[in-house]
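Asks: Top to bottom, those sequences are chains R and B.
The first sequence begins at 51 in our numbering and counts up one residue at a time.
The second sequence begins at 43 in our numbering and counts up one residue at a time.
Accuracy of the hints is not assured; some may be wrong.
Computed spacing ranges between beta-carbons, pair by pair [claimed, not checked]: (1) B:Lys349 - R:Asp327: 20 to 28 Å; (2) B:Glu51 - R:Ala348: 36 to 44 Å; (3) R:Met51 - B:Gly267: 56 to 64 Å; (4) R:Asp450 - B:Asp47: 50 to 58 Å; (5) B:Glu51 - R:His347: 40 to 48 Å; (6) B:Asp255 - R:Val338: 27 to 35 Å; (7) B:Gln346 - R:Asn343: 48 to 56 Å.
As a list, the in silico DSSO-like pairs of lysine-lysine whose alpha-carbon atoms are at most 30 Å apart [what the hints assert, rightly or not]: (8) R:Lys381 - B:Lys304; (9) R:Lys259 - R:Lys417; (10) R:Lys233 - B:Lys316; (11) R:Lys260 - R:Lys381; (12) R:Lys248 - R:Lys260; (13) R:Lys259 - R:Lys416.
It is worth saying that the hints were derived from the structure and are not from the lab.
None of the values given here were measured: they were computed from a predicted structure.
C-beta atoms are modelled at their ideal positions from N, C-alpha and C, and glycine is treated no differently.
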Amino acid sequence: MPIDFELTPNSLLARDHYNEIARERMRPVSREADTREHWLPDEWVDFWWSQGRMGAPGNPAEEGDGFVTVCIQAEELCWGDAGLYLRMPTAALGGSAVGAAGTPEQREKFMAPFQDSPHPVWGAMAITEPGAGSDAAAIETTADWDDETEEWILNGIKIFCTAGEGASQVEGGFVVVWATIDKEAGRGGIKSFVVPAKTAGMELVGLEKKMGIRASDTATLRFDNCRVPKGNLLGSAEVRKKKPGGDKGFKGAMATFDASRPIVAAMAVGVGRASLDFLREELQRQGVEIRYNAPAHALSAIERDVMEMEAELQAARLLTWRSAQMMGQGKPNSLEASMAKAKAGLAVTQITQRAVEILGPLGQSKKLLIEKWMRDAKINDIFEGTQQINQLIVARRILDYSSSMLR
Amino acid sequence: MIGFDPTDEQALIVETVRGFVENEVRPRSRECDEAGALAKDVLSQAHELGLVANGLPEEHGGGGQRNAVTSCLIIEELAWGDLALAAGILSPSLLGVPIADFGTEAQQKELLPSLCSDAFEPGCLALVEPRFDFDAAEPQTSARKDGDEYVLVGEKCLVPWLDGSGPALVVASDEAAGSPQLFLVPRAAEGLSVKPEANLGLAGLPTVELSLDGVRINEAAKLGGASGADLSQLIDRGRTAAAAAAVGLARASFELSRDYAKEREAFGVPIATKQAIAFKLADMAIEIDAARLLTWEAAFTLDQGQKATREARLAFDKARRTAIQASDGAVQVLGGHGYIRDYLPEMHLRNAAGLQSYEALGFV
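Sequences are here, hints too, so could you generate the full structure?
Replies: What follows is the structure, given as structure tokens:
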């Protein structure tokens, strides 16, 4: 699309729609959801399942901004509450994995409850293990083939699984689990398996106590001879020793991250904006103006800080929209998605921390949400690809280096 | 509708300018910097491409293709080549855009055709003042009405002063107008003294200090006549242009760093394979793309006919920070070689630092 920064009417409607949901449904329970960690915010969950996920008003016949609109939705809802956003009953990364690596039959089968179920259901993706985070290829959860029963048997432990409680415990949902069918083969042996909720052998061991996004159920799941049918392996069972041309295993799963990274970056922008919006409102209440035409030497420290924060937030937003736009156009966007994620994670960490600093005692107090937004923001620099991993991806791309050349 | 892709036409323009810059501008870069002078043949060739004239009104000989986003694309390529030469090439816009946007009919008729003719004719903008606490919106240079004349008093610096005959556009406070205005001052005006400058950055661009000691000009030489001009809009256009230039400079520095780091070996491997260097390059690349998008947004806002003060300011501040980051980074990555004048990084760093003071090297 030609260079243009004007949102379509449909995007504007979406923005207003989700902003209203954020104000009316999320902000009022924000503090409670944070304090009562591990509590199921059932009103919010039921609202989202029965109404929220029906989409925004708008004219489908008119043009939209494509994936930019999805980013706007994520931004507005995380402006509301990032933890509650992650607690929403959706297929989330589990659904992305099924979409990226599954056959059409698998997509239809596993996604059906997300259309038809009368009660909320969740999807999740379980990759990380105690000994493997950024180094996803080092996971040790195994999947052994039982020729007699034509089942895969999963053994291992997964940590930091977002929506892991909902996805593992509520009928209709599922957890996509990364496991290796051949440890010797490294990443060539890693596959994704759909483990439906309540499958025997998948145990919810516990939920993490976190710095922020406390409303999100971050789960530890143990797989102890957990059996799933043959059809639950996403994609092909063939083990590849070398980098494949069409294998949908590891590569396909990694591709889901190119698709989800723009959304995660958009989530971060939402949290950052929450802090910045409050800061600007407070300054306005105190009669402090931000003068965009004042010379540098005359700017107060706060003006200078706020202007910088605004620029960095907008930069993060535009980089995110660019990567989303490319994805929508079917263009490879690995570099741009990593740029967006690296930038957003860092920028909103700095913005939310600086907001706490500038606001003094107001930034500390649990009577307000500023302190919570700083705690919520930090994870964006870490999950779904740490800042350093995204820097590494960007570096490899700009240098045209393979992973073996730049570690 | 949100989009980030230059049109085919814009892409062709970029390709053309880039080719010109690679072949004609870059090879002359260091020589101009050392000499403190711009290569005239380069200015002429650029003028032939119509890079500035294309945006000036058709009725006065221009191309009538006024577009701030396209201008940013052009400016980025020119600055990617060489910032001082870019400033020289863009200087006609310092006169052309204010006259096109605010000039009286007489002013347009008198001054625009020469900017669109066969020969290169530079522009001069006297905006910046030699004070720590200079404020573009509140110049201390004053223009006092006296009968049918204005009397100008004050000091200006960083005034591009290329060989030419056109007037200098001087920004001065105008008490009667209630806002700063611009005045067309002939180069040979009585009371105007001109002193060449030597500066840290853009050393190839000839600039001067102007002293206005009771310079008298007819009221017809006030830009826009009785209606005057909106300086703040020009500042927004200037900052947007400067932001685009900063992005181009930063990109040049980044590429120098990247290419060097892939070749240079230390401890048996290219230094680009070390994370400290690789991450430094990655951060540069991210911030350059970020600064570019902010700059495009400011330009787009201007093209929509909207006020872009906030966008232009944020883009300019971001871009100039990024230019320092990238050019300082380039010196650092090239190490000792980045420090000596046989290589370009040190020049880019000086230029990036210099760019910050200008507020406008051209107008989009």
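Asks: Each hint: holds or not?
Replies: The hints, checked one at a time:
1. B:Lys349 - R:Asp327: 20 to 28 Å: At 21 Å between Cβs, range holds.
2. B:Glu51 - R:Ala348: 36 to 44 Å: Since the Cβ atoms of Glu51 (chain B) and Ala348 (chain R) sit about 42 Å apart, the hinted range of 36 to 44 Å holds.
3. R:Met51 - B:Gly267: 56 to 64 Å: For Gly267 (chain B) against Met51 (chain R), whose Cβ atoms are near 42 Å apart, the range 56 to 64 Å is violated.
4. R:Asp450 - B:Asp47: 50 to 58 Å: Given about 22 Å between the Cβ atoms, the range is violated.
5. B:Glu51 - R:His347: 40 to 48 Å: About 42 Å separates the Cβ atoms of Glu51 (chain B) and His347 (chain R), which means 40 to 48 Å holds.
6. B:Asp255 - R:Val338: 27 to 35 Å: violated, 41 Å
7. B:Gln346 - R:Asn343: 48 to 56 Å: Taking Cβ atoms as reference, Gln346 (chain B) and Asn343 (chain R) lie about 19 Å apart, which means the hint is violated.
8. R:Lys381 - B:Lys304: holds, 27 Å
9. R:Lys259 - R:Lys417: Answer holds: Lys259 (chain R) to Lys417 (chain R) is near 21 Å, not above 30 Å.
10. R:Lys233 - B:Lys316: With a Cα-Cα distance of about 29 Å, the restraint between Lys233 (chain R) and Lys316 (chain B) holds, given a limit of 30 Å.
11. R:Lys260 - R:Lys381: Judged against 30 Å, a Cα distance of about 36 Å means the pair is violated.
12. R:Lys248 - R:Lys260: holds, 25 Å
13. R:Lys259 - R:Lys416: holds, 18 Å
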